[in-house]
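Read off the chains here:
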Amino acid sequence: MNNHHPPSIIHYLRYTLIAVVLLCCTLDCNAAKIGEIAETSIGEQAMRFFTFKDPAVRYALLGSMLLGITCGVMGSFIVVRKLALVGDALSHAVLPGVALGFLWNTTKDPVAIFIGATLAGLLGTAVVGAIKHTTKLKEDAALGLVLAAFFSVGICLVTMIQKLPTGNKSGVDKFLFGQAAALGVDDVKLMAVVTVLTLLVIGLFYKQFLVTSFDAGFARVTGVPVQVIHYGLMLMLAFAVVIALQAVGVVLVSAMLITPAAAAYLLTDRMHRMLILAAVFGMTAGAAGAFMSFLGPNLPTGPFMVLGASTVFGAAFLFGPQHGIIMRWWRRRSRSQRIQRENTLKSIYHVLEAREFKGEGVSAKELAERRRETLEEIIAQLRELKRHALATLQDEDHTAYLTPEGWQRACAIVRNHRLWELYLTHAAQVSADHVHEDAEKIEHVLGEDVVRELEKRLNYATHDPHGKLIPGQADIQRGSKPPEHSGDAVGYGKRP
Amino acid sequence: MNEFIPSFSLQEHIIAPWTQGFSTNIQIALMGFFVAAACGLVGNYLMMRRMALVGDAISHSVLPGIVIAFLMTKSRGTVPMFTGALIAGVVTTILIELIHKKSRVKQDAAIGIAFTSLFALGVILVSLYASKVDLDQECVLYGDISYIPLGELIKLTDNISTPVPVARMGVVAGLTLLLIVLFYKQLLVSSFDPGLARSLGINATFVHYALMCWLSITVVSAFESVGAVLVVAMLILPGATAFLLSHRLPVIHGLTLLVAALSSVSGIHLATWLNCSMAGAMVVMASVLFTLAWLFSPMDGLVSRWFRQRRVHEEPVDGLADGVK
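Residue numbers (our numbering), protein chains in the order written: chain A, 1 to 496; chain B, 1 to 325.
There may be inaccurate statements among the hints.
[To be verified] Sample of chain A residues lacking proximity to chain B, with all beta carbon distances greater than 12 angstroms (derived):
(1) 88
(2) 131
(3) 424
[Said to hold, decoys possible] Label pairs and their computed distance ranges (CB to CB):
(4) 365/A x 195/B: 31 to 37 angstroms
(5) 8/B x 164/A: 38 to 44 angstroms
(6) 217/A x 102/B: 29 to 35 angstroms
(7) 98/B x 447/A: 53 to 59 angstroms
(8) 182/B x 163/A: 41 to 47 angstroms
(9) 437/A x 98/B: 30 to 36 angstroms
(10) 332/A x 178/B: 43 to 49 angstroms
(11) 297/A x 102/B: 37 to 43 angstroms
(12) 102/B x 334/A: 16 to 22 angstroms
[Claimed, not checked] Below, simulated BS3-like cross-link-like pairs (lysine-lysine); rule was C-alpha separation at most 30 angstroms, straight line:
(13) 441/A x 365/A
(14) 101/B x 138/A
(15) 468/A x 386/A
(16) 82/A x 185/B
In short, the hints are calculated from the structure, not lab data.
All C-beta atoms in this analysis are idealised placements derived from N, C-alpha and C, irrespective of residue type, glycine included.
Please take these sequences and the hints and turn them into a complete structure.
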């Protein structure tokens, strides 16, 4: 099944890169940053957003989309590596770095903040590792410890900065919940560089990242430097967190890592598709968050992005074609309905067989007696057969006549049942009175190929362990009405 | 930099808080102690159950519960707040279970998704209705413990009165201790050995949900003084410090209380000195205490381990060498 090679990740990345570069071209470097305009209506703000004339809007949108791509891609790796909450700890741990980067020259210099935050994030991950290895505390406690300790230092620094004479307008508090509108051209340039770098590194070392994520033992055997790859991943994760900080905020960055990637995880089984889906989801959530926070004054961007991502996740959780719970419920329901229909057909066959196939109609009363169910239940089941064109009904739905299709299906299901019983008694030496239950289950899932094989192995036997005739290919394919009498039910023994 | 870190003076930062602003600072210290004690005791059980990050999740996700309760009842009363937080806590627990059991998303990612969604919802509500709920985004994160003494007072005796949040937190801390004493066995057994718990007739699922509910109550009463993120710190730090110093649960509980008191008082000094967030400073001091325990714990601190290792290396092991020959 997997004999075709997945299209190279580079193939997909090329398009993403082109898109990123095109987006960056829209940057207007000379435009001044526009301050917050508060007193406008929602409609006007929405218009202002969608015309894209305002450079602040372009920066906000572009930045949010870039961070969505990077976080989606890096998040995919931490989700499949079961490191989701490392992202959470890391994202909180960068706060003191942000504050120190700010203190470097008390301006919001993106590069200083970037370096400070990355270092703090890496230190945080290193401390998590150290606590885990040198104490008896478990990983969750170590993550929580680092998260809390680093964040509290960060909070102290931020509150100290805010009391500085220059601190009040610093905007360092915007790092907590994020404000995409505060993004400047330098910020967006930095984000673009990091995004391109991330995609390049992932593209170049895709195989190594893939194999270490899923089978570290195998990777080690084949000579992949697992530790190096792991630290590389952590470094890039720190980059992703740091460029996302200004728009999403420290507190909710982890959601931009986890949620789009988890949504993608529900929709596909292939890593390269997951990466692309996660990047698209992240981008969409980012753009949606930037738009929503633009609608009102003082609305933080991060929470809106996170809600956007959660909506995508919710949709994938419910409606995903393979793993979505609604689709799974639907599949389960249609399967159990099919089994129910097949059981009704089987009972009709049994009734016909009991009177040696004399007469065509089967009354609901006969079926009710055989199945030990009420008349109403049987009639409902018969109507279900009619709905699927397996039977026609007469006498106010009290008598059923199988259609050719219904007859075929009934024969096939009885054949499956009896063949399996025979197979169990012959091949597995199960005693004849123990095989019925098992056959009741398997009769609904046996495919035609398996049936052919069973027939061959059982030497086209004619009777099941209880001495009943096994309907043969001829009965099934007769394609007409049920036979008038037993002589017509040929079984395997009388094959032409 | 001089402007940023004020020079330290013993008189001003260590003695003055207790001579001049005594009545204010004692309330803050009490509040800090109650918060750290209640959270720390509950946190001990979370850590034993490897659920430290579920604590993280619930401390974030009570926010929408509180805000919606505010908006619906238009009061800051204890009952609506606790109800909102309880509902939010249970919803989080159920959401995590649902995502984790009904899809192939692993538990850690499920936690991450559930609490960030709810917290994001809460923050949006806060920023939309900021004027109505009397909360702001910063307060949500790191609380307002220094404003606690300015709040509405409640009279305890004729001449002692205390702010409502302090009284409430005190009651919660006391109840936490009482519940732990009463249900010590149930909590202990179900934390360490769910199989044994079942055979003893302890309903582990019930204990789990009860713990989550009590966690929500504790978190919500701590919320307005220390905010969402620092509550996590209070849940984990005191207990983790105590875990490094002892193996016995009663001793761990006692040490947790001690760490709570120490970090609360020293936090006040640190915040007075640096002029920063008081709750933040308390957590920083708790982190410092943890680091000290990590380095110098007599059992498995880094330093004592290093000494032990060195001793092993220095003393030639004759018996072993002979055996190899």
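TODO: Quickly compare the C-alpha distance for residue 468/A and residue 386/A to 30 angstroms and report which way the hint goes.
DONE: Holds, because 28 angstroms separates the two Cα atoms, which is no more than 30 angstroms.
- [ ] Quickly compare the C-alpha distance for residue 441/A and residue 365/A to 30 angstroms and report which way the hint goes.
- [x] Holds, at roughly 26 angstroms.
Task: Verdict for residue 8/B, residue 164/A (Cβ pair) under range 38 to 44 angstroms - done: violated (18 angstroms)
Open item on the list: Taking 43 to 49 angstroms as the stated bounds, is the beta-carbon spacing between residue 332/A and residue 178/B within them?
Closed with: Roughly 47 angstroms apart at Cβ, these two residues keep to the hinted range, so it holds.
- [ ] Using the Cβ atoms, figure out if residue 437/A sits within 30 to 36 angstroms of residue 98/B.
- [x] holds (34 angstroms)
TODO: Look at the Cβ atoms of residue 98/B and residue 447/A and judge whether their distance stays inside 53 to 59 angstroms.
DONE: About 34 angstroms separates the Cβ atoms of residue 98/B and residue 447/A, which means 53 to 59 angstroms is violated.
- [ ] May I ask you to check that residue 131/A keeps its beta-carbon over 12 angstroms from the closest beta-carbon of chain B?
- [x] violated (7 angstroms)
Task: Given pair status - residue 138/A, residue 101/B, alpha carbons within 30 angstroms - done: holds (23 angstroms)
Open item on the list: I want to verify a distance hint. Is the separation of the beta carbons of residue 182/B and residue 163/A within 41 to 47 angstroms?
Closed with: For residue 182/B and residue 163/A the Cβ distance comes to about 46 angstroms; the hint holds.
Task: residue 365/A versus residue 195/B beta-carbon gap, inside 31 to 37 angstroms or not - done: violated (52 angstroms)
- [ ] Given the hint of 37 to 43 angstroms, check if residue 297/A and residue 102/B actually sit that far apart at their C-beta atoms.
- [x] holds (40 angstroms)
Task: Whether the CB-CB distance between residue 102/B and residue 334/A falls inside 16 to 22 angstroms - done: The hinted range 16 to 22 angstroms holds for residue 102/B and residue 334/A, with Cβ atoms some 19 angstroms apart.
The structure shown violates the earlier hints numbered 1, 2, 4, 5, 7 and 16.
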